Structures are given as structure tokens and as C-alpha cells.
Amino acid sequence: MYDDLDYIVPLQKVSLVKVWESYSGKKLVGKENVIMSDIVKPPKTMEDKLSPYTYLDITDLSLLKSIVVNYGIDQIIHFSSLLSHVAESNMQKAMDINVQGLANVLEVARIFNAMLFVPSTIGAFGSTTPKVNTPDLTIQRPNTIYGVSKVYAELLGEYYYTRFGLDFRCLRLPGIISADTTPGGGTTDYAVQIFHDAIEKGQYQCYLRADTRLPMMYIDDCLQSIFINVPDKKLRARTYNISAMSFTPSEIAEAIRKYIPHFKIEYKICPLRQSIADSWPESLDDSLARADWKWSHQYDLNSMTKEMFNLLISSNHET
Numbered sequence: 134m135y136d137d138l139d140y141i142v143p144l145q146k147v148s149l150v151k152v153w154e155s156y157s158g159k160k161l162v163g164k165e166n167v168i169m170s171d172i173v174k175p176p177k178t179m180e181d182k183l184s185p186y187t188y189l190d191i192t193d194l195s196l197l198k199s200i201v202v203n204y205g206i207d208q209i210i211h212f213s214s215l216l217s218h219v220a221e222s223n224m225q226k227a228m229d230i231n232v233q234g235l236a237n238v239l240e241v242a243r244i245f246n247a248m249l250f251v252p253s254t255i256g257a258f259g260s261t262t263p264k265v266n267t268p269d270l271t272i273q274r275p276n277t278i279y280g281v282s283k284v285y286a287e288l289l290g291e292y293y294y295t296r297f298g299l300d301f302r303c304l305r306l307p308g309i310i311s312a313d314t315t316p317g318g319g320t321t322d323y324a325v326q327i328f329h330d331a332i333e334k335g336q337y338q339c340y341l342r343a344d345t346r347l348p349m350m351y352i353d354d355c356l357q358s359i360f361i362n363v364p365d366k367k368l369r370a371r372t373y374n375i376s377a378m379s380f381t382p383s384e385i386a387e388a389i390r391k392y393i394p395h396f397k398i399e400y401k402i403c404p405l406r407q408s409i410a411d412s413w414p415e416s417l418d419d420s421l422a423r424a425d426w427k428w429s430h431q432y433d434l435n436s437m438t439k440e441m442f443n444l445l446i447s448s449n450h451e452t
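With the sequence shown counted from 1, adding 133 to any position gets you my numbering.
Read the hints as simulated data drawn from the structure, not as lab findings.
Since the structure is predicted, the reported quantities are computational estimates derived from the model, not experimental observations.
A virtual CB, placed ideally from N, CA and C, is assigned to each residue, including glycine.
Be a bit skeptical, because a hint or two may be false.
In silico SDA-like pairs for lysine to any residue, Cα to Cα no more than 20 Å straight-line [stated by the list, open to error]:
(1) 439 to 314
(2) 174 to 315
(3) 427 to 368
(4) 334 to 398
(5) 439 to 390
(6) 334 to 383
(7) 367 to 315
(8) 439 to 332
(9) 264 to 243
(10) 391 to 359
(11) 439 to 407
(12) 334 to 426
(13) 439 to 287
(14) 397 to 416
(15) 366 to 284
(16) 226 to 368
Label pairs and their in silico Cβ distance ranges [stated by the list, open to error]:
(17) 196 to 263: 37 to 45 Å
(18) 173 to 198: 19 to 27 Å
(19) 265 to 426: 20 to 28 Å
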């Protein structure tokens, strides 16, 4: 899976921070050009397939500086973050990682003149945001620590761009769907777990209402959207919306039934996750990204579902 060159974005020198808990980070790799970093070591089964690894606690500014110097890093992709549901249960840890960790990375990127990419999220919007075709520039006011920390990242990154000339780039990503990892504590993670449970159990218990519509994206489209190689002069913004599809739990269940006709879904609502989802947009307007660097997604709900089943079933046969 990981040595498929279709999944590798050509870079020069990149540090992927906290990648082992990130769908995108795990696939944005290349042995000759990426230094992987995290607070935990990668699985032994993957060590020979992935890039060089180095230990990094993102809250340790001195260690971060030394890694950038020792490896000659000129691009940083910063995935380190506690996701929405987990962050609400670990607020102080979320502050340490999502806020202080981000501040550390920005300062190191400034000092050593490294391009910095930081993913934001649909969680950066709030209940007062327009829910349909949410524009790039609109009222945000999120009501989760995860969302607040991402607005902080967007604004502080833009400040570093304006004040210091830092090449800062940011995408508001929707829920990312991948066959490579298990869910990591996000509100949109049901759209990953549902495939595993469909194959293993033939049923799934969903923590969101059947009609909860949220923006989603397949991992391959996500990787193609990360615009680190786009010339800076083409960019009219530092933070962009990015989108591919929107669906509800009931709609993805119907797509799954094309492959598992007996699949059943029941709903046991988690009040916290539902309240978070209800505050997020149903769809994003990403026309600026499509205009500025010709971004275009390849996967819709049906093609994504087909790919997920192909990958998960073949993976199960190999184990």
C-alpha cells in the first residue's frame, strides 16, 4: 500500500509531524525526501517501507529546532493535533498540542525559512456559519477547542505570512476517509468505522443522526489537494476551503448495501458528537481553490465506497 508511487507527493525535504495519528500523514511519504516524526515509533512492519523516522515531541521547541537544523528541513507539514471529540475530553492536552505545538512550528519555520503547511478543518466553522456552500471568508466562531485552535492556526499563520513573509499554506479539510487507519477521535470518523463494521459484522451502530450531512473526502483526493508545490504567486489566499462530497449516515449505508445487501445500521446518538456535527457546514464552496491551482476531486460517494471495499477486502485476505 505505502510503496505505491501514486500516493507519493514529490517534495524536497519535509518533516511530517505527528503523522502516525493522521490519515494524510501516513500516506504522504517518500524514502528519499521525507523525514517522519512523532512522539511514538512507527509499527515495525512499516519501518522498511517508510521514510527515516525521528522522535519529536511537538511541544519541545528546542528539539524541533535541532531536527530542522540537523536534517536541513526546508518544508514542514504539520499534522499534529487532537481531533474534535478527543480534544473536548482532553482540553489541556489539546491546548498543549494544538495551540502551543502550532506556535512552536510557526516560529521554527520563520527562523529557518521553511515552507509550512498546516491542515485546518470544517470544525473551524460554528453554528452561526452559513451551512450550505460555506464560503472561504465568513463568520466562523467554532464552539469546540479543536475548532478554536484551528482558527488560531489560520489567523496566526496568516499573520506570520504578512508580518514575516513566511510561506504559510492551509486547507480546511472535510472528513477524510481512508482504508489505511482506524478512526482517531474525530466526529466524522463514523464514515471510516462503518466500512470495517460492515465487512466484519454486517451492521454498524452510528453515533450521529441518520440525516446528519457533512463534507467528506477520500484520502487520495486529500493528498492531491495539499498544494505545497503550487507557485506562491498563484495563491490569492493562505487558507482555502477544499471539498469533494457531502453525505449523511443513511446515504453511506445505502452505498454500502450495493456490496453488502444485508447491511444494517442503527442509531445511538452521542450528544457531544451530534452537537459538534450540528455546528459544522453541510457543504463547502471551494471554488477559489479550483480556480487558483485547478484543484479537482476524483472520488464521489459511489467511487469512494467501491475503493474502500476493494482495499479493505484485499487487506483482510492478506492477513
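Quick rundown of the hints versus the structure:
1. 439 to 314: Holds: residue 439 and residue 314 sit about 17 Å apart, inside 20 Å.
2. 174 to 315: holds, 17 Å
3. 427 to 368: holds, 11 Å
4. 334 to 398: With a Cα-Cα distance of about 11 Å, the restraint between residue 334 and residue 398 holds, given a limit of 20 Å.
5. 439 to 390: Holds, because 11 Å separates the two Cα atoms, which is no more than 20 Å.
6. 334 to 383: At roughly 18 Å apart (the allowed maximum being 20 Å), residue 383 and residue 334 satisfy the hint.
7. 367 to 315: Roughly 36 Å between the alpha carbons, so the hint for residue 367 and residue 315 is violated.
8. 439 to 332: holds, 13 Å
9. 264 to 243: violated, 35 Å
10. 391 to 359: violated, 31 Å
11. 439 to 407: violated, 27 Å
12. 334 to 426: Judged against 20 Å, a Cα distance of about 42 Å means the pair is violated.
13. 439 to 287: violated, 34 Å
14. 397 to 416: violated, 26 Å
15. 366 to 284: violated, 24 Å
16. 226 to 368: Violated - the C-alpha atoms of residue 368 and residue 226 are around 34 Å apart, more than 20 Å.
17. 196 to 263: 37 to 45 Å: holds, 42 Å
18. 173 to 198: 19 to 27 Å: About 21 Å separates the Cβ atoms of residue 173 and residue 198, which means 19 to 27 Å holds.
19. 265 to 426: 20 to 28 Å: At roughly 24 Å between Cβ atoms, residue 426 and residue 265 fall inside 20 to 28 Å, so the hint holds.
In the structure shown, a violation is registered for the earlier hints numbered 7, 9, 10, 11, 12, 13, 14, 15, 16, in ascending order.
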